[in-house]
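Here is how the chains run, residue by residue.
Protein chains: 2
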Amino acid sequence: MSILIKNVLHNNQTTDVFIEDNKFSRIAPNMKVEADKIVDGSNKAILPAFYNTHNHAAMSILRGFGDDKPLFEWLNEDIWPIEDQLTEEDIAIASRLAILEMIKSGTVFFADMYFFGEQTIQAVADMGIRAAISRVEMDLFDEQKFEQKKIDTANFIEFSNPCPQRIRKCLSCHAVYTVSDELFKFAKETAEKQGWFMQIHVSETKQEVDDCFAKWGMSPVAKLDSLGLLTPKTILAHAVHLSDEDIEIIKKRGCYISTNPISNLKLNSGMFMFEKMYKIMPENITLGTDGASSNNNLNMLDSIKFCSLAAKAESNSALGGKADDIYKVATINGAKAFGLNAGEIKEGCLADCLLVDLDNVFLTPNYNIISNMVYSADSSCICDVICDGRLIMENGKVAGEKEIINNAKKLAEKIKNMKK
Amino acid sequence: MSILIKNVLHNNQTTDVFIEDNKFSRIAPNMKVEADKIVDGSNKAILPAFYNTHNHAAMSILRGFGDDKPLFEWLNEDIWPIEDQLTEEDIAIASRLAILEMIKSGTVFFADMYFFGEQTIQAVADMGIRAAISRVEMDLFDEQKFEQKKIDTANFIEFSNPCPQRIRKCLSCHAVYTVSDELFKFAKETAEKQGWFMQIHVSETKQEVDDCFAKWGMSPVAKLDSLGLLTPKTILAHAVHLSDEDIEIIKKRGCYISTNPISNLKLNSGMFMFEKMYKIMPENITLGTDGASSNNNLNMLDSIKFCSLAAKAESNSALGGKADDIYKVATINGAKAFGLNAGEIKEGCLADCLLVDLDNVFLTPNYNIISNMVYSADSSCICDVICDGRLIMENGKVAGEKEIINNAKKLAEKIKNMKK
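Protein sequence lines, in the order shown, are assigned to chains S and Y.
If you read the first sequence in this note's numbering, its first letter stands for residue 1, the second for the next number, and so on.
If you read the second sequence in this note's numbering, its first letter stands for residue 1, the second for the next number, and so on.
Be aware that a few hints might be false.
Chain copies aren't distinguished; within one or between two, either way the pair holds.
[As the list claims (entries may be wrong)] In silico BS3-like cross-links for lysine-lysine, where the CA-CA straight-line distance does not exceed 27 Å:
id : residue 1 : residue 2
1  : K206      : K276
2  : K414      : K23
3  : K336      : K322
4  : K23       : K276
5  : K6        : K185
6  : K193      : K233
7  : K251      : K409
8  : K233      : K276
9  : K251      : K223
10 : K32       : K420
11 : K32       : K69
Bear in mind the hints are in silico, worked out from the structure with no lab data behind them.
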């Protein structure tokens, strides 16, 4: 399969972009090559697509389900009673809804932390996006749950991956307040043995940090480090409340951070120290949406704008969270965190990209396309999404979207009637 | 002219909505009436449209023109040298670009503070939106400029309004640090004589408040009050840095506030005390985008999400900035601030509304349409916009949009070549 994109704006120059198999093979003007598919790029710009490094994708089916409540009331009364009743089939439907939303808003990869990961993997396989999928490890310090998690994880390892190139299985541990030392150790050994990436929620709230000190006499970051969980293949989600010692550890271990600015604001968890951390580890800061029930969308365009504005507020400077830095964080950094040679429009890189409409009002005028994408664009600007060398959205349309929406609506009706 | 919207979701019920002339005349299911135009509302919801109470619309042509710089460097080096060279014809083109963007994102009214207001009025007249348009009063304490402002204002009064119902001329004073007492007094007398609304930037930055105390021994709010400028027809933009005494004055005078959360974050001006102020004066808090060069769009959907999230951060509570409150602020409150019987889908009210697509992924599932609009929606959700009883966007299309974009692109090329 090959795609030739003709006359598209790339770094302020009009050029052609040739994609062979799943890579950008050549970028040059007026190319004369045979291609299976020709895309007219005139009045469009080609840009890196988004890599969403923290998500609970299937929670999209709970979008707007009882929000604006205190966190634990909301979890106890609304979210957890429903999640307990969701079936594998429900997760299959909900994952497709989430992936549709991500594609529509320019995302080509997501790191997922939820349950029934096999269903999410199948949805990813069918819809052409990339992902790193985990089944979350969480035992609430209960030995029976720990044993069950070992069985679930063994099954997940055995589950045959329908498209190994695009999908990586990975491991995720929920957090220091929900995972026993034994489960952490089991997860670490499994991740090492399988060569998997690891995702962990860390220092999301001040409460989490205070409780960890009270229980273990150290911060969540130090606790994870004491268990050997921090490596260059570890992605730490949130990381809002970090001490200088924590930052030293994270830097030394070469971990990646996934900041989730909207979720952190919506749940009033605090603001990530973007400017400080970006100066210390400019390649290792990445961006996530978190699940739709604490955002309430998976739209990385919302998240890049909020990431910039929160960075300005947190650093008390209008110069914080510069558009160019944020766009890098949302694209190439996220790709690199999961070992992908992607996130750039460059010969040899994986062919993931967006084509955006330069006639769209939010991108007009176009003095600076990155500034426009960060501060002005919304999903209406995105015409086409290419992932792994295949058009997964063309002229705003994603294959099967009508059916995905209808199935999600039916599932939502079922959820409305569930006991809480 | 009459419009019948069939089978549309309104307050969780499917109904018909009949619009005669510029008002909602009847809301009831299965209506049998003759209408000039029938709109199929199935799979759509009808919602109040947005009233943007603070804007510098024509600045859209400077979107992304040298941002991420310190405020005064940006103004001095980028914005002001260009603004000085803009002609009336340029403002006509730029105003149309801004109005197109507003309609596309569901706005039916904007309060404007810029120059060459006559051109903006003509653009509003042509494009079917509502507005309160002013030519900004600002003399920088220079007597010659003051005299010129008097002439400009007299001309603006004389300028014949091409559609009096939808457009209100109004007066705006820039701020206490740019307007002399004489000009303030002239503005007050003019506004009183003409029966016009008044817009003033107030207490946007801490610096403004400190400087005002140093110069006048009182806060900007107290200063404006001492000049008699605070009335129920005064809309105070920003109002970020208010003392308890300021709040007392504003409440006593019955002023409206236009909060501009994105601009305040982008320029690092601070965060409006939304929760506190909304409790004190729940009818008088309204929402604005500010100009596109400090946002960088005029999309009220971005602003409602940021308004809520900033309210949560500022009040240190996940319960701050509730979706229902924010939607009210962005709709009915904005309409009332400018004396419009609008902002609700209600018989007898002005027929302004949105039809949103319930098959759009960002609105799926639909447990709570207002939560979805505030936290999840983007402009791709909006199918149709009705203002003053006329369809100004139908199936996502606005009349003349191609020409507006092309003219804006040409003007942007001219601006790129202007001397700075």
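Next item on the list: Check K23 against K276 for me: Cα-Cα at most 27 Å, and say if that holds within a copy, between copies, both or neither.
Entry: neither (35 Å within a copy, 54 Å between copies)
Check: Should K251 paired with K223 be assigned to within, between, both, or neither, using CA atoms and 27 Å as the limit?
Finding: within (15 Å within a copy, 52 Å between copies)
Next item on the list: Since the copies are identical, ignore which copy is meant and state whether K336 and K322 lie within 27 Å (CA to CA) inside a copy, between copies, both or neither.
Entry: within (20 Å within a copy, 37 Å between copies)
Next item on the list: Can you give me the call for K32 and K420, within, between, both or neither, at a CA distance of at most 27 Å?
Entry: Intra 62 Å, inter 42 Å, cutoff 27 Å: neither.
Item checked: Homo-oligomer pair classification [K276, K206; C-alpha up to 27 Å] -> Cα proximity of K206 and K276: in one copy and across copies (18 Å, 24 Å).
Notebook entry, point to check: Quick one: K414 to K23, C-alpha cut-off 27 Å, is that within a copy, between copies, both, or neither?
Noted result: neither (42 Å within a copy, 38 Å between copies)
Next item on the list: First find the shortest C-alpha distance between K233 and K276 inside one copy, then the shortest across copies, and answer within, between, both or neither for a cut-off of 27 Å.
Entry: within (22 Å within a copy, 45 Å between copies)
Note to self: When Cα atoms must be at most 27 Å apart, do K32 and K69 count as within-copy, between-copy, both, or neither?
What the structure shows: Intra 59 Å, inter 43 Å, cutoff 27 Å: neither.
Next item on the list: Using 27 Å as the alpha carbon limit, work out where K6 and K185 are close: within a copy, between copies, both or neither.
Entry: neither (52 Å within a copy, 60 Å between copies)
Notebook entry, point to check: At most 27 Å between C-alpha atoms: does K251 with K409 qualify within a copy, between copies, both, or neither?
Noted result: So K251 and K409 fail the 27 Å test inside a copy (44 Å) and across (45 Å) alike.
Next item on the list: Evaluate K193 and K233 at a C-alpha cut-off of 27 Å and name the case that applies: within, between, both or neither.
Entry: For K193 and K233, only the intra-copy Cα distance (13 Å) is at most 27 Å; the inter-copy one is 70 Å.
Going down the numbered hints, you'll see the structure goes against 2, 4, 5, 7, 10 and 11, while the others check out.
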